[in-house]
Amino acid sequence: MPYFATSTEWFEQSSLLLKARPTTTRITSKYTVLRPSASKIRKRKKYLEKRPNLSSTNNPSSTLANPSEPTATFKLKTYDPVSGTCLKYETNKAAEVGRLIGSLGKLSRHMAALPDVVDDFSKPTEMEGIETPTREKDVKVEVGVVEQKVSTGGGGGKKKKKAKK
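Residue 92 in UniProt numbering sits at position 92 of the sequence shown; the count goes up by one each step and never skips.
Mixed in with the good hints there might be a few duds.
To be verified - As a list, the in silico BS3-like pairs of lysine-lysine whose alpha-carbon atoms are at most 25 Å apart:
{"#": "1", "residue 1": "Lys77", "residue 2": "Lys50"}
{"#": "2", "residue 1": "Lys19", "residue 2": "Lys75"}
{"#": "3", "residue 1": "Lys106", "residue 2": "Lys75"}
{"#": "4", "residue 1": "Lys40", "residue 2": "Lys50"}
{"#": "5", "residue 1": "Lys50", "residue 2": "Lys88"}
{"#": "6", "residue 1": "Lys106", "residue 2": "Lys30"}
{"#": "7", "residue 1": "Lys93", "residue 2": "Lys46"}
{"#": "8", "residue 1": "Lys19", "residue 2": "Lys88"}
{"#": "9", "residue 1": "Lys88", "residue 2": "Lys45"}
{"#": "10", "residue 1": "Lys19", "residue 2": "Lys77"}
{"#": "11", "residue 1": "Lys30", "residue 2": "Lys77"}
{"#": "12", "residue 1": "Lys30", "residue 2": "Lys46"}
{"#": "13", "residue 1": "Lys88", "residue 2": "Lys77"}
{"#": "14", "residue 1": "Lys30", "residue 2": "Lys40"}
{"#": "15", "residue 1": "Lys106", "residue 2": "Lys19"}
{"#": "16", "residue 1": "Lys93", "residue 2": "Lys75"}
{"#": "17", "residue 1": "Lys19", "residue 2": "Lys45"}
{"#": "18", "residue 1": "Lys88", "residue 2": "Lys30"}
{"#": "19", "residue 1": "Lys30", "residue 2": "Lys19"}
{"#": "20", "residue 1": "Lys45", "residue 2": "Lys30"}
{"#": "21", "residue 1": "Lys75", "residue 2": "Lys30"}
{"#": "22", "residue 1": "Lys19", "residue 2": "Lys40"}
{"#": "23", "residue 1": "Lys93", "residue 2": "Lys30"}
If you are wondering where the hints come from, they were derived from the structure by calculation, not from laboratory data.
With the hints as constraints, model all of the structure from the sequences given.
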């Protein structure tokens with residue numbers, strides 16, 4: 001039951017496990033927000049007093065900067081009950097949570113027996129059988145019909161004001 005240090009390691013190992021056993025493997029996610037207890041707040045304040053280089057000016061996003069702020073964690077677990085394999089990853093970075101949730105869609109393609117989507121933006125996509133119409137070849141403009149519609153003038157528009165008597 002290893003905890004991975006980076007999200008890319010967890011993603012790679014989870015994709016391999018899902019390719020091997022797509023019907024039995026499950027991915028679970030858990031998001032928790034914990035308010036620190038009074039003792040934790042005191043411990044964090046003491047720690048900050050001992051180390052002045054960890055002040056809020058150096059690292060404003062750190063939970064150590066303001067000890068009374070709640071700590072939020074996002075945990076991902078990939079588990080296969082047949083083989084007993086359990087892969088875990090935990091983070092408290094808000095930007096990484098969005099990326100991980102987006103990557104869950106890519107992982108679930110194996111479970112649904114869909115082909116992998118390759119994101120190769122280096123070469124242009126080629127669509128066979130679909131052409132963009134050009135005015136000269138494909139679009140036929142009938143000049144007489146257009147002129148007739150314009151000259152009739154029987155549509156909506158502004159109402160004319162009546163002259164005063």
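Inset, instruction - Find the hints from earlier in the document that the structure breaks and name them by number, from lowest to highest. - result: 1, 5, 9, 12, 17, 20 and 22
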